[in-house]
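Asks: Just so you know, the protein sequences line up as chains A and B, in that order. Quick note, this note's numbering runs 764 ahead of the 1-based positions in the first sequence. Quick note, this note's numbering runs 266 ahead of the 1-based positions in the second sequence.
Hints may contain errors.
Subject to a maximum C-alpha distance of 30 Å in a straight line, what follows is the list of computed DSS-like cross-link-like pairs (lysine-lysine) [what the hints assert, rightly or not]:
(1) B:Lys386 <-> A:Lys932
(2) A:Lys1005 <-> B:Lys386
(3) A:Lys932 <-> B:Lys479
(4) A:Lys1041 <-> B:Lys386
Estimated spans, in silico, between C-beta atoms of each pair [said to hold, decoys possible]:
(5) B:Leu360 <-> A:Lys984: 35 to 45 Å
(6) A:Thr869 <-> B:Gln352: 33 to 43 Å
(7) A:Lys835 <-> B:Val495: 43 to 53 Å
(8) A:Lys984 <-> B:Ser496: 40 to 50 Å
(9) B:Lys386 <-> A:Lys1035: 45 to 55 Å
Every beta carbon over 10 Å from chain B, so not counted as near; a handful from chain A, in silico [what the hints assert, rightly or not]:
(10) Phe787
(11) Ala803
(12) Leu815
(13) Ala826
(14) Ser870
(15) Tyr875
(16) Arg940
(17) Val982
(18) Lys984
(19) His1009
(20) Lys1041
(21) Ser1049
Hints in this document: simulated from the structure, not taken from any laboratory. No experiment lies behind these values; they were computed from the predicted model shown. All C-beta atoms, glycine included, are put in the ideal place defined by N, C-alpha and C.
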Amino acid sequence: MGILVENISKSYKNVAAVKDISFEVKPGELYGLIGPDGAGKTTLFRILTTLLVADKGQAKVAGYDVVQDYKNIRHSVGYMPGRFSLYQDLTIEENLNFFATIFGTSIEENYDLIKDVYEQIEPFKNRRAGKLSGGMKQKLALSCALIHKPKVLFLDEPTTGVDPVSRKEFWEMLKRLQQKDITILVSTPYMDEAALCDRIALIQEGKILEIDSPEAIVKKLPKKIYDIYASNMYGLLTALKDFEHAHSVFPFGEFVHYTDKREGFDSNELKIYLENKNLQDVSISLTEPDIEDVFMELSRK
Amino acid sequence: MKEENVIISKGLTKRFGGFTAVDAITFEVKKGEIFGFLGANGAGKTTAMKMLIGISNPTGGEAMVAGFDVHTQQDAIKKNIGYMSQKFALYDDLTVAENITFYGGIYGLSRKQIREKRTKLIETLGLGEIAHQLVGSLPLGWKQKLAFSVAMLHDPQIVFLDEPTGGVDPITRRQFWEMIYKAADEDTTIFVTTHYMDEAEYCHRVSIMVAGKIEALDTPKKLKEQFEVSSMNDVFLRLARNIE
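Start from the sequences, fold in the hints, and give me the full structure.
Replies: Here's what the structure looks like:
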């Protein structure tokens, strides 16, 4: 009762938004679609929630075909679109009541499921949705998407523009929802959130670059990554890009992540090169790659 | 980075009725510094930034930005700073070249200056082939780079960037930061807000606002030492936890 996507394609006029995408989300899985704006994430969500018909391919959600059984899907899924679907002029409680009524249920009936999320905003239940902070809107939108007890939950960039504290709390809530037998497909441009999913699909320009668990994906990176530090960041970046053996050079926090074209890499040679460029406090050390490194390596090709 | 301060804020405050959005913030930013201005949603960052760029009147305290007073010289501030917000101010219905010309005119550059800037900018950004395409048709990453360059068109002393990198892919995000490093290397001061904590590590110094006050201000390295954690994300979580 998860999600099955087979060879789905969708174009808008001459722009191909989704190109022959296939993947499977197992029942109860927390599955991440990881990619930047324009990767095709929202198009895919709209196809799976039956709001858009694909040009090619087929898909099933909770056992139902997205074209033939669209009505069943609409009763079985919750969808939190990237732009909030809330009514700005209704209060928190009115919004939630509205969504409950549409699905023929009530807040009381499924309170158990939303309790964890809704409790945090309940003290403000008479405040209009338009007057809420980003983090509170996000919690209300999630409550509304959950109120009819969906089997599958679609969350399209729920944490974009949200600060790190609220993002962390949001992911903790998702983990708890997963325990209640809800299959979750979530998209995000934040690579650090990818690590919190059971499996992820890295997606760019309508194509899937890789699918696996976050742990397995980082192991697939063929290159060794080095943390390089120098006191002048811009000077360091410029010097590394000019280095003839450089494969990739990317700023990464206080370091530059560097990969070398050669099999045998001698960090002393690079250190001397950098010091000759008048860079100070140079240090080079091997480091563990993360999902962002993998994404950048795959999307270069 | 130079020793000279280009932003000096002393007790800068903004109250809306009984609510204090910005509560007496005091800090300095140096010429050529990349200064990260962080805080949770609703901590007061945007309100503080609006006062610094001269579009909102402080209700208390004082601040000098690019040598001008935020109370009395707001027009002079606007001429000496650049501003880029998450929602770009570029016109989708104008071409790349037309957008540059338009903003050059707004900033009061002469026709000759505009022509020179336009040629140089299109060349450095590698936009030659698409100079006459509508901006609306460009990928997000290009729009960001163009928006940043347009904000720098009049050679401002300081550029304010309000969450400039939301939504782009990790490579484009880094290319954008390389533009920031380059500008700072050429002594332009960068004042930037972001929700990406790895980007906080790219800044020379970082301030973290909590409920209207600056609760921490130092280099990323010293902040991590102070809070005994390994990343800026953890520093942020320590400080801003339980604030809605």
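Asks: Which numbered hints turn out to be false for this structure?
Replies: Numbers 1, 8, 9, 11 - these are the hints that the structure violates, sorted from lowest upward.
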